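A.B. asks: What follows is the residue order along each chain.
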Amino acid sequence: MMSLPLAQALVPDAHTEPFDPIRDYNALYALAVWCLRFSPLVGIDHELSLAHKRDELRTLSSLHYGITIDLTGTEKLHGDIDLLCQRVDALFQHRARISAAPTIGGAWALSRFGPHTPCVARSIPALTEALTHLPIRSLRVDRLCLERLADVGVYTVGELLSLPRHTLGQRFGKPLVYRLHQALGSLEERLNGVEERARYERHRIFEPPLTNRRAITIAIESLFHDLLRHLRAEHISAGLFSLVICDTASQRVRKEFPLSSATNDTKHLLSIIQPIIDSMRFCGEAREIILRANDTTRSIKEQKSFTPQTLDARDVARSYRELLNTFGIRIGKDRVSLARLNDSYIPERSFSYQSAIGVSRDTHDVVMESPAPYSPRERPPSLFSTPEPITTIAMLPDKPPSCIQWRDTRLPIISGHGPERIAPEWWRGDVRQELFSTRDYFTIQDHTGRWLWVFRDQRTHEWFVHGSWT
Amino acid sequence: MSAQREGRTRCGAQIIDDLSTQGLVWAGSGRPSVATFDDRARQGDAIPLGIPEIDQALPGGGLQRGSIHEFFYNDPLQPCAFPTSLTSAIAHSAHELIANQQSWNEAVHPRSTLWIGKRSWPTPYTLVQAAKDHGSATSPLLHSALFIDTINDRMTLWALETALRSPAVHVVIADCPRLSLTATKKLLLAARQNGATALLIRNSKDSAFPSCAHTRWALSPTPSSYDTPLWELSLLKIRGAALQSSSWLIGINEHESSLSLRLFPRVVDRCHEAETTQQEYGT
Chain A
1 MMSLPLAQAL VPDAHTEPFD PIRDYNALYA LAVWCLRFSP LVGIDHELSL AHKRDELRTL
61 SSLHYGITID LTGTEKLHGD IDLLCQRVDA LFQHRARISA APTIGGAWAL SRFGPHTPCV
121 ARSIPALTEA LTHLPIRSLR VDRLCLERLA DVGVYTVGEL LSLPRHTLGQ RFGKPLVYRL
181 HQALGSLEER LNGVEERARY ERHRIFEPPL TNRRAITIAI ESLFHDLLRH LRAEHISAGL
241 FSLVICDTAS QRVRKEFPLS SATNDTKHLL SIIQPIIDSM RFCGEAREII LRANDTTRSI
301 KEQKSFTPQT LDARDVARSY RELLNTFGIR IGKDRVSLAR LNDSYIPERS FSYQSAIGVS
361 RDTHDVVMES PAPYSPRERP PSLFSTPEPI TTIAMLPDKP PSCIQWRDTR LPIISGHGPE
421 RIAPEWWRGD VRQELFSTRD YFTIQDHTGR WLWVFRDQRT HEWFVHGSWT
Chain B
1001 MSAQREGRTR CGAQIIDDLS TQGLVWAGSG RPSVATFDDR ARQGDAIPLG IPEIDQALPG
1061 GGLQRGSIHE FFYNDPLQPC AFPTSLTSAI AHSAHELIAN QQSWNEAVHP RSTLWIGKRS
1121 WPTPYTLVQA AKDHGSATSP LLHSALFIDT INDRMTLWAL ETALRSPAVH VVIADCPRLS
1181 LTATKKLLLA ARQNGATALL IRNSKDSAFP SCAHTRWALS PTPSSYDTPL WELSLLKIRG
1241 AALQSSSWLI GINEHESSLS LRLFPRVVDR CHEAETTQQE YGT
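Note that the protein sequences, when read in sequence, are chains A and B. According to my numbering, the residues represented by the first sequence are 1 to 470, in order. According to my numbering, the residues represented by the second sequence are 1001 to 1283, in order.
To be clear, the hints were calculated from the coordinates, so they are not data collected in a lab. Hints may be right or wrong, so weigh each one.
What the simulated footprint calls covered on chain A by chain B, stretch by stretch (three residues with Cβ under 8 Å from a Cβ of chain B suffice, anywhere in the stretch; the number is not a length) [what the hints assert, rightly or not]: (1) 374-386; (2) 393-399; (3) 402-414.
As the structure is a prediction and not an experimental result, all values here were calculated from the model. Cβ coordinates follow ideal geometry from the N, Cα and C atoms, glycine included.
Use the sequences and the hints to build the structure in full.
C.D. replies: Structure follows, in structure tokens:
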């Protein structure tokens, strides 16, 4: 592998661009959709869509970026297969590697490793013959299997075929046999088909451009009404709306509205979006306004409650989702949270907050492994996010303080309990131990009746207030 | 002739009175006035504080649902302090109240309890303690709690009003900025829409400002010889009722493992009193 500076030194005027696998995937998908003109069944590699789903595109081999066209039954339409291959080759400006074979696995191998392009095998025997000289990699097997075969000196498909077939599974793993059978046609393989993604988009061009702010907001609202009416008619709800406003100088103002749950309710959506649109800054004049709905899902038609006064459980669930949508957009995703308890004795680690957006409350687990074993007098109901340092007068080694100085005020202490020693969790490898040293906690009451939770750090012998009973 | 007409009018008025007591006729014009809402809200139930002596003193046996209640926590050293124990206990009894009323399918989507403003957030284990049901490790109150962090007072007020208007919300506990009378009226109307209850925690400096709150409370820590935190709770104002006894000494019930509050008898510290008397007379 060559490093980028070295490559640029060798070819100074080389054009470089960062690797963006998602963009590549989307482009390939669009190309596959374009290929639907040759046959109604067009697919992309199963491994590719799986990696896209799991977000592992970066580690995927570039061999898997391919398009498969099922030509069964379309020969009459295209005439000869050779002719079709040449036509496709010309359309791709002789830059693609093309092959035609009776099986998907065979076509995959021939297109990637075939001696020439276009490479056509018309029957299974011809395909077997063509595969003989190809490397084992052409069978789409993993690296481990390749290494095992290389250990016994098998490098080509021909050598593999000469081995006794019934022992292959045990020696080199089932996937090898599976792939071999798929390539030779004794096992059926399904096409991972693509389909044209529906686009939900509305745009409006203004000639002359809109200059009045009020006119722009009215136009945006009417686009929302229009798009949502279309979505409702198709029983689709969308989770992400993006708005693009282009001005005469082709500058674009882009605004996205990510929702926590998909919706197609105009009244609800406009109630969230209206204040944002009102506070948006538009560039001088609007020539074109585009509104897109993404993250679309099929919406479930819900029957409305028969009596409008009573609250149904469905109404509560729906209005909870709407409330989260509203808060998520106006306040921010991270500022709306759910709490959960953790299995830890250390006060600040015994609970955590997570964003409520995108978490279904039905599945949000609040079942703890062990319920909090503390009584209300052992742990304060309000805990400071960072302990506040204090100075104290206390008898060593383990007496509660008799006087503290906190927030520039001297507080005589009239009663106290303790200590309760809380040690670091040495059994947890994932937490840095030096962040937390052993602490001795005391519950103290000052002369005004205020109850505080204070501790002494055993390493530095400094005192802190950590919480109070309020 | 006129006597006959008078009799007829009286008869009509009586019929309307009868109907309105049965809830079949609504008094009032097109614009909702606070008075008619009061009548409506009175039919609803109240959230008990969990301390029988105080609940008895309140009309309806607790805090009125669908209205707002204000709390002033008075601690000069902690101006940001928040009456967390009391609000958690109220939130718990409010949650129990609807848990007993709701049908089985509503239990799947309980109405939420919202804490608005980061200072108001109680530690989550307090909510578990408040709702600790011996024998089960789940906490329905924690399950239904939603914590909202706002960046400024304007946003707090907006979030408060939005939450009160939502049918999915049952109780809102908010760290409340300074409010005008009009703003509290707006919040009251929002709360009545779906019967949500607002517990507003306000700065004790603001207690002189008028508001539409149904009740106003002041809370301050009190020194004691009891082995538990105690507070002096006083009822400053209650709407539509005469104040009988308005000050109590409450504290965390030390005999229970769950968070519950109880009334404590006032103990006069005779020794301390004797000492001060001695000092005064110089003996």
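A.B. asks: Each hint: holds or not?
C.D. replies: Okay, the hints, checked on the actual structure:
Evaluation of the coverage hint for the stretch 374-386 of chain A: fulfilled, as 9 residues show C-beta separations to chain B shorter than 8 Å, against a requirement of three. With 0 residues bearing a CB less than 8 Å from a CB of chain B, the stretch 393-399 of chain A misses the requirement of three and the coverage assertion fails. Look at the stretch 402-414 of chain A against chain B: 5 of its residues bring a Cβ nearer than 8 Å to a Cβ of that chain, three or more, so the hint holds.
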